[in-house]
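Following the hints, complete the assembly by docking chain B onto the known chain A.
There are 2 protein chains.
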Amino acid sequence: MSSQNIVIIGGSAAGPKAAARTKRLDETARVTLLQKAPELSMATCGYPYYIGGDFDDRNQLIATPTGVVRNEAFFAAAKGVDAKVNTEVKSIDREKKTVFYVNTQTHEESSISYDKLVICTGATPRRPPIPGIDLEGVQELSEMGDADKLRELRDSGKVKNVVIVGGGLIGIEVCEALAESGMNVTVVEMLPQLLSFLDWELAKLIEKHVKSKGITVHTENGIAHFLGENDRLTGVKLQDGSIIPCELAVVSIGVVPNVSLAREAGLEIGDFGGITVNEYMRTSDPAIYAAGDCVEIQNRITGKKTYAPYGDLANLEARVVADNMVLGDNSIFPGTVNSGICKVFDMSAGSTGFSEKNAKAEGYEVITATNASLDKPGFMGAKLLVSKMVADAKTGRILGFQCVGPGEVNRQVAEAAMAVMNGNTVYEIGVADLPYAPPFSLAIDHFITTAHILENKIAGRMTGISNVEVKERLDAGAEIFLLDVRSPVEFEEMRLNAGETLIPLGTIRTSLDKLPNNKDSEIITFCKISMRGYEAQRVLEANGWTNVKVIEGGIMAWPFKVEFKA
Amino acid sequence: MSSQNIVIIGGSAAGPKAAARTKRLDETARVTLLQKAPELSMATCGYPYYIGGDFDDRNQLIATPTGVVRNEAFFAAAKGVDAKVNTEVKSIDREKKTVFYVNTQTHEESSISYDKLVICTGATPRRPPIPGIDLEGVQELSEMGDADKLRELRDSGKVKNVVIVGGGLIGIEVCEALAESGMNVTVVEMLPQLLSFLDWELAKLIEKHVKSKGITVHTENGIAHFLGENDRLTGVKLQDGSIIPCELAVVSIGVVPNVSLAREAGLEIGDFGGITVNEYMRTSDPAIYAAGDCVEIQNRITGKKTYAPYGDLANLEARVVADNMVLGDNSIFPGTVNSGICKVFDMSAGSTGFSEKNAKAEGYEVITATNASLDKPGFMGAKLLVSKMVADAKTGRILGFQCVGPGEVNRQVAEAAMAVMNGNTVYEIGVADLPYAPPFSLAIDHFITTAHILENKIAGRMTGISNVEVKERLDAGAEIFLLDVRSPVEFEEMRLNAGETLIPLGTIRTSLDKLPNNKDSEIITFCKISMRGYEAQRVLEANGWTNVKVIEGGIMAWPFKVEFKA
Chain A
160 MSSQNIVIIG
170 GSAAGPKAAA
180 RTKRLDETAR
190 VTLLQKAPEL
200 SMATCGYPYY
210 IGGDFDDRNQ
220 LIATPTGVVR
230 NEAFFAAAKG
240 VDAKVNTEVK
250 SIDREKKTVF
260 YVNTQTHEES
270 SISYDKLVIC
280 TGATPRRPPI
290 PGIDLEGVQE
300 LSEMGDADKL
310 RELRDSGKVK
320 NVVIVGGGLI
330 GIEVCEALAE
340 SGMNVTVVEM
350 LPQLLSFLDW
360 ELAKLIEKHV
370 KSKGITVHTE
380 NGIAHFLGEN
390 DRLTGVKLQD
400 GSIIPCELAV
410 VSIGVVPNVS
420 LAREAGLEIG
430 DFGGITVNEY
440 MRTSDPAIYA
450 AGDCVEIQNR
460 ITGKKTYAPY
470 GDLANLEARV
480 VADNMVLGDN
490 SIFPGTVNSG
500 ICKVFDMSAG
510 STGFSEKNAK
520 AEGYEVITAT
530 NASLDKPGFM
540 GAKLLVSKMV
550 ADAKTGRILG
560 FQCVGPGEVN
570 RQVAEAAMAV
580 MNGNTVYEIG
590 VADLPYAPPF
600 SLAIDHFITT
610 AHILENKIAG
620 RMTGISNVEV
630 KERLDAGAEI
640 FLLDVRSPVE
650 FEEMRLNAGE
660 TLIPLGTIRT
670 SLDKLPNNKD
680 SEIITFCKIS
690 MRGYEAQRVL
700 EANGWTNVKV
710 IEGGIMAWPF
720 KVEFKA
Chain B
160 MSSQNIVIIG
170 GSAAGPKAAA
180 RTKRLDETAR
190 VTLLQKAPEL
200 SMATCGYPYY
210 IGGDFDDRNQ
220 LIATPTGVVR
230 NEAFFAAAKG
240 VDAKVNTEVK
250 SIDREKKTVF
260 YVNTQTHEES
270 SISYDKLVIC
280 TGATPRRPPI
290 PGIDLEGVQE
300 LSEMGDADKL
310 RELRDSGKVK
320 NVVIVGGGLI
330 GIEVCEALAE
340 SGMNVTVVEM
350 LPQLLSFLDW
360 ELAKLIEKHV
370 KSKGITVHTE
380 NGIAHFLGEN
390 DRLTGVKLQD
400 GSIIPCELAV
410 VSIGVVPNVS
420 LAREAGLEIG
430 DFGGITVNEY
440 MRTSDPAIYA
450 AGDCVEIQNR
460 ITGKKTYAPY
470 GDLANLEARV
480 VADNMVLGDN
490 SIFPGTVNSG
500 ICKVFDMSAG
510 STGFSEKNAK
520 AEGYEVITAT
530 NASLDKPGFM
540 GAKLLVSKMV
550 ADAKTGRILG
560 FQCVGPGEVN
570 RQVAEAAMAV
580 MNGNTVYEIG
590 VADLPYAPPF
600 SLAIDHFITT
610 AHILENKIAG
620 RMTGISNVEV
630 KERLDAGAEI
640 FLLDVRSPVE
650 FEEMRLNAGE
660 TLIPLGTIRT
670 SLDKLPNNKD
680 SEIITFCKIS
690 MRGYEAQRVL
700 EANGWTNVKV
710 IEGGIMAWPF
720 KVEFKA
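Chains as they are written, first to last, in the working numbering: chain A, 160 to 725; chain B, 160 to 725.
So that you can see chain A by itself, here it is in the shape it has in the complex:
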């Protein structure tokens, strides 16, 4: 294992991690890092917060926790790694185990031989072939220079109107950053919803919140043309024909793995366009490993390949690569459950595993539960969480969990990620021993309650109906006895106003005569979060009604209009 020549292509996340870990495992290894960009070890995920002015010192994006900039000198001195920036790799000769590269400043060409090579070439923003995309003012957010440029535009105060193309994670983060600096922001998304890792009805709650911040959101719409004058952007024309004037458009519609080097070297490329690696993160060439946004990895739930360009996974993959290069293939990277989280103004949105639509697309027969409840006791300044749990209908195994709201989403999604990775069932989570104290959670943690609801559904005790289905059926004029079991005060303050009857839960046992005589009539109950709705269902069923359902998540999870007190 000693004195290997290790060459690493790429110096953002995976590359530097692989380099530093390799040296820690084997100080005698000669590690060379070839980086095309001028910077090393950039905190790419931090760009939106730099752009938005959360901090002003750009160097914080490339510095250690104690403030030392991670430049070539740092890598040489502190890590024992020979890092070369502004260095673009042109080709890999696998026969000769040699990498050819050029300095992008001096144009000097060189080569270096390797015993082991690591490809960490990352991903490139998806660039749609839309007329006008080359106009000045159409901007991506990929390199640090892009972040610099957007920050400069923000500081200049010159941009009044910006269109964000793509309502995914990065689009939403940039939307927030630019809106908070005073620009008029419009988000244009091709799909029917923002944040596609969420199911529609949870994404709609996020969309409501985004709109409440003055953002215009167009879903199911795309850019037909970027319009310009004198090579400068002046607006965008949408696919529906409408025109939005703007001086800046930020295109963030996802990324594609950067695999041209690997492909040209003859390495195997997978169905998602990423480099194929095995469980040891080794490519089809035994001397070459790969990690980060350029590879395909395994989905831990299905065992199938997937593309998961997350910064945290890049680091973990790179660590496995270093282990295997130095110690022989002994360390396995098991893949992803697609855990992610995102700040959206005063709310957060997170997800792990599959959404309902993705689970169904994978062929699972699923059952879901929606839970709207507080994150801690009301007297502790609690905030709302709306979650949806997706489980295998037969086994109760948790396949996914989404959570949005102003409350503490972070802990909820982290717990769920652990559950999904461990293959836990709703029954196991229903008796989980999680840390509790009033400043931190409810006595029965929101995640556990969600499992309880799903357990009740699986057992047939609670018959839920999604708010989307209720709305569709109401819109279609279905005959439903809609039963609001909240208090008159709550009803006064806010209501669905969809022809509902108000019978507070506390009076339901003595108000059965107000319900439809026909015991087979469909009755749909609800309350604020639908705990009382469920209790009402149980009482009605005990009294002979046979077709009672509960709107899951109640009014708090209702993604459509509600009527407020005038």
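No lab work stands behind these hints: they were computed from the structure. No false leads were slipped in.
It does not matter which identical chain is used: a pair holds within one copy or between any two.
Derived DMTMM-like pairs: lysine to aspartate or glutamate, alpha-carbon spacing no greater than 20 angstroms straight-line:
| id | residue 1 | residue 2 |
| --- | --- | --- |
| 1 | Lys542 | Asp216 |
| 2 | Lys542 | Asp215 |
| 3 | Lys678 | Glu186 |
| 4 | Lys542 | Asp213 |
Positioned in the frame of chain A, the structure of chain B alone reads:
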């Protein structure tokens, strides 16, 4: 299953949960709840926050999330439960399946027969036989009336000095509540540390923080006498002879299960003094279940019985009881991993599984790692976390995790609780896919990094030494080459001042001549958090030194005095 008479003794946490769930499972059941106190469904864990003035409306402690007070009328109307407050159960006749009770206001005696009985009699504060404990001014915090009294004393402004007897969870919460209302607070604890669920060196970081808030802390000391005049408390005399004047003493040295009724009825009582129940939460009498602070449950790691009086577990146990009473014994309560969390002024402290000392006491051969690092990237206003992971030395299975600091302890301990329950190893956590974005966590989550450190220790790559051991050996005059590898600027600002040599990591490879010639000399490295300390260890070992160790957690986890820049 229909029309059972269900009688439940106790109306705090477990009782009301069992009652409500029973009705939801079987509306035909006649459920009677007998509650000694005047209140029902009290959020006991919220008392310290009420006392401290986090909120002013006492009713919030006994209200639903929508503000309805859960009194007898509420239970009757909304839950279909016949709840009787001020009702003390005097005896249980198991032969006749009858419970005898008395109204504490009217002294009227009654009885009720049951098909199934649930005992949720909770726990009582431990009351040491110390002279003067009956003086006015010596207060417990158990009942809602105690909370009322302490809140009243706080509001009155009449108490200047208070002594908290016991530095456990409740003691510390009350300490914060009263200190923030302007009282001079002294905490007296018999053990060498506060918060005994932590290992000493982490508890010491909490103690430092508590002291920084102006609290006086006496450890390894107890109350010898409560001193008084005219039956009123005037001070306490400690076991070391010192006297602390005070007008109020709050005794919170733990609780004992309240089992006199169960014992008199001949039910089996366990070694910890709690009611013995099986996995279905059934007592030694098939018609009687029990839940909450009065029972012993299983430790999920060891499989042995333990006593775990936590509010969240009481609720989960009660839910299992209801299931089993209505549906037959089919729902299992697996027990506890002792997850807990606590706010301590601007810090939090949490734990799950075993501390190092408790794991050793259980007979485990353990290996531990301490990790001091930020909770998210520095540019996002990150805060410090100091954690300690305890694993089985042979298998790497995580047996426990503790975390303290101003950072986001909540998510960390929740993740760890999930890991401990699932029997995860450090290797599994080392490749976990947890949600990441800069506002929420580091790219490699703190919990994962802690697993990485422990993995490195198990593999023999990192040789750690605890700060406690270093301090002991320094105090004993051991010859150690203490090597600080931070930058000169950091050294200038804060240092151990224990005879250390400063060689910044970036110069270590060119400064080997400054190290002891004898390659077997003991060298102990450290930095701010000990990442660089570890890197230095790797470099020194690669250069032939054979006895290099790293102070775990670095200066940030150092629980002793450090020297700051003048």
